[in-house]
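Chains A and B, in that order, are what the protein sequence lines are. Counting with my numbering, you get residues 177 to 431 for the letters of the first sequence. Counting with my numbering, you get residues 16 to 257 for the letters of the second sequence.
Hints in this document: simulated from the structure, not taken from any laboratory. If you're wondering where the values come from, they're calculated on a predicted model, not measured in any experiment. It is possible that some hints are incorrect.
Far from chain B, by Cβ distances over 12 Å, these chain A residues were calculated [what the hints assert, rightly or not]:
id	residue
1	F187
2	L203
3	E218
4	M241
5	A315
6	V319
7	I391
BS3-like mimics (lysine-lysine), calculated; alpha carbons at most 27 Å apart, straight line [said to hold, decoys possible]:
id	chain 1	residue 1	chain 2	residue 2
8	A	K343	B	K85
9	B	K225	B	K208
10	A	K343	B	K81
11	A	K350	B	K51
12	B	K109	B	K91
13	B	K91	B	K81
14	B	K51	A	K342
15	B	K91	A	K343
16	A	K350	B	K81
17	B	K225	B	K241
18	B	K103	B	K58
Footprint (simulated), chain A over chain B, 3 or more residues, beta carbon under 8 Å [unchecked claim]:
id	segment
19	27-41
20	52-64
21	69-78
The beta-carbon is built from N, C-alpha and C at its ideal position, and this holds for glycine as well.
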Amino acid sequence: MSLEFLNAFKFLKRETFLHNLDPRAKLLFAIIYTTNALLFTEIIPLLLLFVSLIPVILSGRLFKMWMKSIRGLSFLYILVLILNTLFLSLNFAIAMILRISIMISAFSIFFLTVDPNDLALSLISMKFPYEFAFSFSLAFRFVPTIAIEAQNIIDAQQSRGYELQKKGIINQIKNLFPLLVPLIVSSIKRAFNVAEALESRAFGSNKERTFYFIIKYNFKDWLFTIYLLLIFSIIIFIRIQFNFLPSWVSWSFPL
Amino acid sequence: MGQNGAGKTTLIRTLNGLIRPIKGKIFLNGEEISTKTIASLSKNVGIVFQNPMHQLFSNTIEEEIKFSLKNLDLSKEEVQIRTQSILKQFNLEKYRERSPFNLSGGESKKLALASVICRNPQILIFDEPTLGQDAKEIKFLIDLLESERKAGKTIIIVTHNIEFSLEYIPRTILMANGKIIADGPTREILANKYLISKTSLILPQIFQFKNALREVGIDIPENLFKQKEIINFLNHYFEIKS
Numbered sequence: 177m178s179l180e181f182l183n184a185f186k187f188l189k190r191e192t193f194l195h196n197l198d199p200r201a202k203l204l205f206a207i208i209y210t211t212n213a214l215l216f217t218e219i220i221p222l223l224l225l226f227v228s229l230i231p232v233i234l235s236g237r238l239f240k241m242w243m244k245s246i247r248g249l250s251f252l253y254i255l256v257l258i259l260n261t262l263f264l265s266l267n268f269a270i271a272m273i274l275r276i277s278i279m280i281s282a283f284s285i286f287f288l289t290v291d292p293n294d295l296a297l298s299l300i301s302m303k304f305p306y307e308f309a310f311s312f313s314l315a316f317r318f319v320p321t322i323a324i325e326a327q328n329i330i331d332a333q334q335s336r337g338y339e340l341q342k343k344g345i346i347n348q349i350k351n352l353f354p355l356l357v358p359l360i361v362s363s364i365k366r367a368f369n370v371a372e373a374l375e376s377r378a379f380g381s382n383k384e385r386t387f388y389f390i391i392k393y394n395f396k397d398w399l400f401t402i403y404l405l406l407i408f409s410i411i412i413f414i415r416i417q418f419n420f421l422p423s424w425v426s427w428s429f430p431l
Numbered sequence: 016m017g018q019n020g021a022g023k024t025t026l027i028r029t030l031n032g033l034i035r036p037i038k039g040k041i042f043l044n045g046e047e048i049s050t051k052t053i054a055s056l057s058k059n060v061g062i063v064f065q066n067p068m069h070q071l072f073s074n075t076i077e078e079e080i081k082f083s084l085k086n087l088d089l090s091k092e093e094v095q096i097r098t099q100s101i102l103k104q105f106n107l108e109k110y111r112e113r114s115p116f117n118l119s120g121g122e123s124k125k126l127a128l129a130s131v132i133c134r135n136p137q138i139l140i141f142d143e144p145t146l147g148q149d150a151k152e153i154k155f156l157i158d159l160l161e162s163e164r165k166a167g168k169t170i171i172i173v174t175h176n177i178e179f180s181l182e183y184i185p186r187t188i189l190m191a192n193g194k195i196i197a198d199g200p201t202r203e204i205l206a207n208k209y210l211i212s213k214t215s216l217i218l219p220q221i222f223q224f225k226n227a228l229r230e231v232g233i234d235i236p237e238n239l240f241k242q243k244e245i246i247n248f249l250n251h252y253f254e255i256k257s
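Could you put together the complete structure from these sequences and hints?
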């Protein structure tokens, strides 16, 4: 069992065009790509969308981490592939895999390049209450921590004879208890600890909170936004006019 | 021993196959372990990790022990007998029907110990066993180590507790930056100022005390390093003087 795909959420500070963009612009990027992926069920347009993500990934120097998160999700791909091929068709299965990859890549780019603190700031600038924004960014900050903890639990249980693989669905579900119970218990304990730490530092004592850092929508952010909107309108146009496009666009595996 | 991040925990995790080495080979009783499963290795190598909360999940303490014994191909009676004796050995009998989550920090650590030791592995590995333990619990741990050692077990302990290892652990391996930098008798390694400074440890109080005694002119022999020995020596020394 590997929890490597959770690396998709681990932020690392770097100096690239992508990292320096405003979090809101990147959120828009993730949402637009997800919507685009949901508009199509054909292989070629999804493939083109997927390919168009690669320059973005390369510009953020995220290729290795992105590959890790894609590889970590291979079990999901296999599941999607098998289920869709069995019940629908191979073409649809491949399209679905591409769709999932696009969505995961888009959000993985977002989380890899957005500092959790900036995430809170951008939520506040979108008029979310501070408590909400803070707990949201806190949740993301704890994803890698909990992943490490889960690995420790697996290790500790295996050291006393616990076996990960078991035969039969009921046994497999039963087999989850030794992992889930400690994970949930320690997560709840941590939540209490965090709450106490926050309270001891007077969290929420002042309604009007000020911030040390401020985020600003710059020229390059507007440029990126315009580019995104342009792509989005083209995609929507293609979707509407889909039946009038040359036939290679709706190409599928001859089966 | 070694500073945080030196690779101690990583090293012990390789011993029962939780982490497989990229380079090099690991031998256990003369056999290469790379082809063996974690399940079969953990019959011989029991690791007790730092945080007991990472492994407790059952409704009662008795079930917690039985879970550890489940995969050993034992008969029902044998499981019962072993559970009984281990609970007795660890003074947990009175809590047997209680939830493991109601135990105190020290007692849950004890239970985690019990849940590994009941499997009777040949090699016992402890990650920071003295962390957060009070004096009485440490005394219990020491007695336990002694009896396991007498039973012929190999015991490996990862610790930062320098006084503890000086007193009770005969051999020390020092690690820094993922490498083993020293291996030898504890009293020689922990008296070595150069090695100590390299691993962000501090000189054990006993050695500091001995150095201080030498400075005031009391010539204390090199081979004394236990509390009792030094007390005896000083008593003797002052008797002669007066």
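Quick rundown of the hints versus the structure:
Its beta-carbon lying about 21 Å from the closest one in chain B, A:F187 satisfies the requirement of being farther than 12 Å from that chain. The Cβ of A:L203 sits about 35 Å from the closest Cβ of chain B, beyond the 12 Å cut-off, so the non-interface label holds. Annotated as non-interface, A:E218 keeps its C-beta farther than 12 Å from every C-beta of chain B; the closest such distance is 43 Å. Consistency note on A:M241: stated as away from chain B, and its beta-carbon is indeed over 12 Å from all of that chain's, at 20 Å minimum.
With 12 Å as the threshold on Cβ separation, the claim that A:A315 sits away from chain B holds: the shortest Cβ distance comes to roughly 21 Å. In this structure A:V319 is separated from chain B by more than 12 Å, as the shortest Cβ-Cβ distance comes to about 18 Å. The claim that A:I391 lies off the interface holds: its Cβ sits roughly 34 Å from the closest Cβ of chain B, which is beyond the 12 Å cut-off. About 16 Å separates the Cα atoms of A:K343 and B:K85, which keeps this hinted pair within 27 Å; it holds.
For the hint pairing B:K225 with B:K208, the CA-to-CA distance comes to about 14 Å; that is within 27 Å, so the pair holds. For the hint linking A:K343 to B:K81, the alpha-carbon distance of about 21 Å falls within 27 Å, and the restraint holds. Annotation: proposed proximity of A:K350 to B:K51 holds, straight-line Cα distance about 25 Å (limit 27 Å). In summary, the hint linking B:K109 to B:K91 is supported, as the alpha carbons are separated by about 22 Å, within the 27 Å threshold.
Between B:K91 and B:K81 the CA atoms are separated by roughly 10 Å; this keeps the pair inside 27 Å, and the hint holds. A hinted pair counts as satisfied when its Cα atoms are at most 27 Å apart, and B:K51 with A:K342 qualifies at roughly 17 Å. Of the pairs offered as hints, the one joining B:K91 and A:K343 holds, with about 22 Å between alpha carbons and a cut-off of 27 Å not exceeded. Between A:K350 and B:K81, the direct Cα distance comes to roughly 15 Å. Compliance with the 27 Å bound is thereby established for this hinted pair.
Note on B:K225 and B:K241: the hinted pairing holds, with a Cα-Cα distance of about 11 Å set against a maximum of 27 Å. A C-alpha spacing of about 22 Å is found between B:K103 and B:K58, which places the hinted pair at or below 27 Å, so the restraint holds. With 3 residues having a beta carbon nearer than 8 Å to a beta carbon of chain A, the segment 27-41 of chain B meets the requirement of three or more and the stated coverage holds. Under the rule that three or more residues need a Cβ within less than 8 Å of chain A, the assignment of the segment 52-64 of chain B holds, with 9 such residues.
With 4 residues having a Cβ less than 8 Å from any Cβ of chain A, the segment 69-78 of chain B passes the three-residue criterion, so the hint holds.
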